[in-house]
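A.B. asks: For reference, the chains in residue letters:
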Amino acid sequence: MKKMLSLCLILALFAGLVLPVNAENPVEIIFWHSMGGVNGEAIVKMVDDFNKANEGKIKVNVEYQGTYDDAINKVKAAGMSAMPADVMQIYDIGSRFMIDSGWALPVQEMIDAENYDISQIEPNIAAYYTIDNKLYSMPFNSSTPLLYYNKTAFAEAGLDPDTPPTNFDEIIEMAEKLTIKDADGKITRWGYGMGNYGWFFEQWMGKMGLHYVNNDNGRSEEPATKVVFDENGGAAEVFKVWKKLFDEGIITYLGRGNTDAKAAFISGDIVITLESTAALKSLLTNVGDDFEIGTGFFPNIHPDDKGGVSIGGGSLWMLQTGDDARQKAAWEFIKYMISPDVQAFWNAQTGYFPITVATHELDAFKENLEKYPQFGTAIRQLHSTAPEYAGSLLSVFPEARSLVETYTERLINGEVTVDEAVEKLAAEVNSAIEIYNLTN
Amino acid sequence: MQKQVSTASKSVPHTSPGGRLYDKLEPYLFLLPAFSVFSVFLFYPFLRTIYLSFFLTDKFGNAKVFWGVRNYTDLFASSSFWASISVTFQFVLIVAFGSLIVGMITSLLTAREYPGSTIISASYAMPVAIASAAASMAFRMVFHPTNGLLNIIFGTQINWLGSPEWALFSVSVVTIWLQSGINFIFISAGLRGVPDELYESASIDGAGYFKKLFSITIPSISPTLFFQVIINIINAFQSFSQIRLLTQGGPGDATNVIVYAIYRDAFFNFRFGTAAARSIILFLIIFIITLIQFRFEKRSVHY
Numbered sequence: 084m085k086k087m088l089s090l091c092l093i094l095a096l097f098a099g100l101v102l103p104v105n106a107e108n109p110v111e112i113i114f115w116h117s118m119g120g121v122n123g124e125a126i127v128k129m130v131d132d133f134n135k136a137n138e139g140k141i142k143v144n145v146e147y148q149g150t151y152d153d154a155i156n157k158v159k160a161a162g163m164s165a166m167p168a169d170v171m172q173i174y175d176i177g178s179r180f181m182i183d184s185g186w187a188l189p190v191q192e193m194i195d196a197e198n199y200d201i202s203q204i205e206p207n208i209a210a211y212y213t214i215d216n217k218l219y220s221m222p223f224n225s226s227t228p229l230l231y232y233n234k235t236a237f238a239e240a241g242l243d244p245d246t247p248p249t250n251f252d253e254i255i256e257m258a259e260k261l262t263i264k265d266a267d268g269k270i271t272r273w274g275y276g277m278g279n280y281g282w283f284f285e286q287w288m289g290k291m292g293l294h295y296v297n298n299d300n301g302r303s304e305e306p307a308t309k310v311v312f313d314e315n316g317g318a319a320e321v322f323k324v325w326k327k328l329f330d331e332g333i334i335t336y337l338g339r340g341n342t343d344a345k346a347a348f349i350s351g352d353i354v355i356t357l358e359s360t361a362a363l364k365s366l367l368t369n370v371g372d373d374f375e376i377g378t379g380f381f382p383n384i385h386p387d388d389k390g391g392v393s394i395g396g397g398s399l400w401m402l403q404t405g406d407d408a409r410q411k412a413a414w415e416f417i418k419y420m421i422s423p424d425v426q427a428f429w430n431a432q433t434g435y436f437p438i439t440v441a442t443h444e445l446d447a448f449k450e451n452l453e454k455y456p457q458f459g460t461a462i463r464q465l466h467s468t469a470p471e472y473a474g475s476l477l478s479v480f481p482e483a484r485s486l487v488e489t490y491t492e493r494l495i496n497g498e499v500t501v502d503e504a505v506e507k508l509a510a511e512v513n514s515a516i517e518i519y520n521l522t523n
Numbered sequence: 008m009q010k011q012v013s014t015a016s017k018s019v020p021h022t023s024p025g026g027r028l029y030d031k032l033e034p035y036l037f038l039l040p041a042f043s044v045f046s047v048f049l050f051y052p053f054l055r056t057i058y059l060s061f062f063l064t065d066k067f068g069n070a071k072v073f074w075g076v077r078n079y080t081d082l083f084a085s086s087s088f089w090a091s092i093s094v095t096f097q098f099v100l101i102v103a104f105g106s107l108i109v110g111m112i113t114s115l116l117t118a119r120e121y122p123g124s125t126i127i128s129a130s131y132a133m134p135v136a137i138a139s140a141a142a143s144m145a146f147r148m149v150f151h152p153t154n155g156l157l158n159i160i161f162g163t164q165i166n167w168l169g170s171p172e173w174a175l176f177s178v179s180v181v182t183i184w185l186q187s188g189i190n191f192i193f194i195s196a197g198l199r200g201v202p203d204e205l206y207e208s209a210s211i212d213g214a215g216y217f218k219k220l221f222s223i224t225i226p227s228i229s230p231t232l233f234f235q236v237i238i239n240i241i242n243a244f245q246s247f248s249q250i251r252l253l254t255q256g257g258p259g260d261a262t263n264v265i266v267y268a269i270y271r272d273a274f275f276n277f278r279f280g281t282a283a284a285r286s287i288i289l290f291l292i293i294f295i296i297t298l299i300q301f302r303f304e305k306r307s308v309h310y
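Chains A and B are the protein sequences, given in the same order. Numbering-wise, my numbering puts 308 at position 225 of the first sequence, and it's gapless, one number per residue. Numbering-wise, my numbering puts 235 at position 228 of the second sequence, and it's gapless, one number per residue.
Calculated directly from the structure, the hints in this document are not laboratory data. Please note: incorrect hints may appear among the correct ones.
List time: in silico EDC-like cross-link candidates among lysine to aspartate or glutamate, alpha-carbon distance up to 20 Å [what the hints assert, rightly or not]:
{"hint": "1", "chain 1": "A", "residue 1": "Lys-326", "chain 2": "B", "residue 2": "Glu-172"}
{"hint": "2", "chain 1": "B", "residue 1": "Lys-66", "chain 2": "A", "residue 2": "Glu-517"}
{"hint": "3", "chain 1": "B", "residue 1": "Lys-66", "chain 2": "A", "residue 2": "Asp-153"}
{"hint": "4", "chain 1": "A", "residue 1": "Lys-217", "chain 2": "A", "residue 2": "Asp-299"}
{"hint": "5", "chain 1": "A", "residue 1": "Lys-418", "chain 2": "A", "residue 2": "Asp-153"}
{"hint": "6", "chain 1": "A", "residue 1": "Lys-157", "chain 2": "B", "residue 2": "Asp-65"}
No experiment lies behind these values; they were computed from the predicted model shown.
Could you put the whole structure together from the sequences, leaning on the hints where they help?
C.D. replies: Here is the structure:
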C-alpha cells in the first residue's frame with residue numbers, strides 16, 4: 084500500500100513535469116479599464132474574486148489606464164503592432180472607432196459559438212452596442228443622465244419636493260422661485276445650474292427624437308458622412324435654451340464637463356442640476372445629511388418632446404489577440420463581469436445600471452434600491468426609452484463633443500448668435516468627418 | 008555614415024595613407040555617439056514633423072493623403088488659429104514678466120536676514136516643488152464660480168475661469184505663481200553676488216533705496232534677469248497642464264494657447280498633419296524670438 088502511494092506520488096510529480104499547463108500556468112489575460120476612485124476599487128475587488136474562483140485556470144491582470152480618452156489613445160498608439168490587452172473598457176463614443184479599426188472581436192461571435200442567452204441584457208442598453216444586429220461589445224458600466232434636485236430647498240421655497248421639473252419651461256419657472264439674492268442683489272443661491280457637457284446636447288437630440296448624423300444616425304453599415312442637427316433644427320433648439328438661461332440670468336457658467344457643477348450642487352449653491360446616474364452614490368455620500376436629494380427624468384427641451392434618453396458610459400471590448408486560449412479566457416471573464424451577482428455589487432458601489440435584468444430579482448439589489456430610492460428614477464427612465472433612441476455613432480465623436488462645448492461657450496459669451504453657432508459648428512464637425520473618411 | 012566608416016577601416020590596412028584617413032575621420036567618430044542620439048530624438052522627429060505637415064494622416068498618425076500646403080493655408084484662413092496665436096503672445100508676456108517681477112519682489116524682501124526670513128524664503132521658493140497638475144486642481148477650487156475661495160474673500164461673483172475676460176488672467180496667475188519659485192531662487196542668488204562696496208559708496212553719495220535698486224542692483228544682476236526672462240518665456244510657451252485642467256482652452260478660444268491646440272489636434276482629434284503644421288509655426292516663432300533676445304542681450308546686459 085505504502086509502495087503504491089509513493090509510486091503514485093512519483094507519477095504525479097512526473098505528470099506535473101509533463102503537463103505543467105493545467106497545474107501551474109493559468110491563462111493570463113490583461114484587462115484595461117478607466118475607472119478611478121471608488122469605482123476603480125470596486126473593479127479590483129471584482130477581478131480579485133474572479134481570480135480566486137478560477138485559480139489555476141485563468142488569471143486576469145487588471146490595469147488602470149487613466150481616463151477613457153487616455154486609454155483609447157494608448158490602444159491607438161499600440162494598435163499598429165500588437166494588441167496591448169485582451170479585454171478593454173471603452174467609452175460609448177469610442178464605439179464607431181473600435182468597429183472601424185478592425186481590432187475588436189465582436190462579442191456576438193462568442194455568443195453565437197456557445198448559444199449564450201443574451202435576452203438577459205437590458206434591451207435599451209444592448210441596442211446602443213448593436214450594429215447590423217451584431218452585438219459588438221458587452222455593455223458593462225451604463226448610465227443615463229438624470230435630473231438631481233435639492234428637496235430641502237424645494238420645501239423651503241414652497242415647491243412640492245416630490246415634483247421635479249420635467250422640461251425647461253418648468254425649470255425656469257421653478258428656478259426663479261428657488262434663487263436667493265442678498266441685500267446687494269447678489270445671487271447667493273442659483274435655482275438651476277448645469278455643466279457645459281456635450282453629452283447633454285446628444286441626449287437632447289434623442290429626447291426630441293432627432294438624429295445627430297446621417298446614415299441612420301451613424302448606425303448603418305456605411306458610416307456617417309455629415310451631421311444633420313443643423314438641418315433638422317435640433318441644435319438650434321438646444322442652443323436657444325442655453326441662450327435663454329443666460330439672458331434671463333437663471334444660471335451662471337459652470338465650466339466644461341461636470342466637475343464644477345457637481346461641486347456647486349453638493350455645497351448647496353445650485354438647487355437643480357443635471358448629472359449622470361453614475362454620480363448618484365458619490366453625490367449621496369458627499370451631501371450626507373446636509374439636504375435631501377431627489378431625482379427626476381432628464382428634462383425635455385419642449386413639454387411635448389416624445390423621444391428618450393440613450394445610455395452613456397462604457398462597455399467591454401474583446402481585442403483580436405489571435406490567441407484562442409486567451410480569447411476564451413477573456414470571454415469567461417466578460418460573462419462573469421455581467422453576471423447578476425457581480426452587477427448587483429457594481430450597481431451598489433457606483434450607481435451604474437445593472438445591465439442584466441436578472442439582477443433586479445436579487446436581494447442585494449432590492450436592498451440597495453430601498454436604501455436609495457433615488458435610483459429607481461434611473462431604472463424607470465431607462466425602461467421608458469426605446470431602442471430607436473439609442474443615440475448616434477460617429478468616428479470623430481470626441482472632437483464633435485468638444486466642439487459643441489466650445490460653441491456653447493461662444494454663444495453664451497455673445498460671440499455668435501444661435502444661427503451662427505449652429506452653422507459654424509456643423510461646418511467644423513462636417514470637415515472633421517470628411518477628413519476622417521478621406522484618410523481612414 | 009556608419010557604413011562608410013567601417014568599410015574604410017576594413018578595406019584599408021594600417022599603412023600610412025589609411026592612417027591619415029583615420030586621422031581625418033577620428034573627430035567624426037567621437038561625434039558619432041552624440042550625433043546618433045540627437046538624430047533619433049531631435050533630427051528625425053523634426054524632419055518627420057515637417058514631412059507630416061504636408062499630409063493628412065489616418066487614425067494611427069501615418070501620412071495618408073498628400074495635402075501640399077493646405078494644412079498651412081487652412082490654418083492661416085481660420086480665425087481660431089489667429090485667436091490662438093494672439094492668446095499665446097498675451098499669455099507669454101504676462102507670465103514671463105509677471106513671474107520675473109514676483110520673483111524680484113520676493114527676493115528683495117528676503118535679501119536681508121531677519122527673524123523668520125528662512126521660513127519666508129522657503130515658502131517663496133516652494134512653488135518649484137509643486138507639480139503644475141496638483142496646483143491646478145487646487146486652484147480650480149479657489150476659482151470655483153459659486154463657492155471658490157477667491158469670490159468668498161473678495162465678496163465678488165466673478166466667473167474666473169468661465170468668462171472670456173478673466174480666464175486668461177486666471178490661468179496666467181496660476182502659471183506666474185508656479186514659476187515665481189524658480190525666479191526667486193535665481194534672483195536671490197544673483198543678489199548675493201552684488202558687492203557690498205557698491206551699496207556703501209552709493210549710500211555715502213546719498214542715494215536712496217530706489218536709486219540704488221535701479222542704478223546698482225538691477226544692472227548688476229542683469230545677466231540673471233536676462234537668463235530668467237528666457238527661461239520664463241520658454242516655460243510659458245510650454246505651459247500645458249494648467250490649461251488642460253483649468254479651462255481646456257475655453258471659454259471659446261480664450262485660453263487656447265498654441266501648445267494646447269497642438270495637443271488637441273494630435274491626441275484628441277488625431278489629425279497629426281494640422282498639429283505638425285502648428286508645431287512648425289511655433290518653432291519659427293520661438294526661433295525668431297530667440298534671435299531677437301540675443302540681439303537685445305548684446306545691448307543691455309552687463310556681464
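A.B. asks: Between the alpha carbons of A:Lys-217 and A:Asp-299, is the straight-line distance 20 Å or under?
C.D. replies: It holds: about 16 Å lies between the C-alpha atoms, which stays within 20 Å.
A.B. asks: Tell me if the straight-line CA distance from B:Lys-66 to A:Glu-517 falls inside 20 Å.
C.D. replies: holds (13 Å)
A.B. asks: Mind checking the alpha carbons of A:Lys-418 and A:Asp-153 for me, to see if they're no more than 20 Å apart?
C.D. replies: violated (26 Å)
A.B. asks: Please work out if B:Lys-66 and A:Asp-153 have their alpha carbons no farther apart than 20 Å.
C.D. replies: holds (15 Å)
A.B. asks: Given the hint that A:Lys-157 pairs with B:Asp-65, test it: the Cα-Cα distance must not exceed 20 Å.
C.D. replies: holds (16 Å)
A.B. asks: Run the distance test for A:Lys-326 versus B:Glu-172: straight-line Cα separation, threshold 20 Å.
C.D. replies: holds (19 Å)
Checked against the numbered hints above, the structure violates only hint 5.
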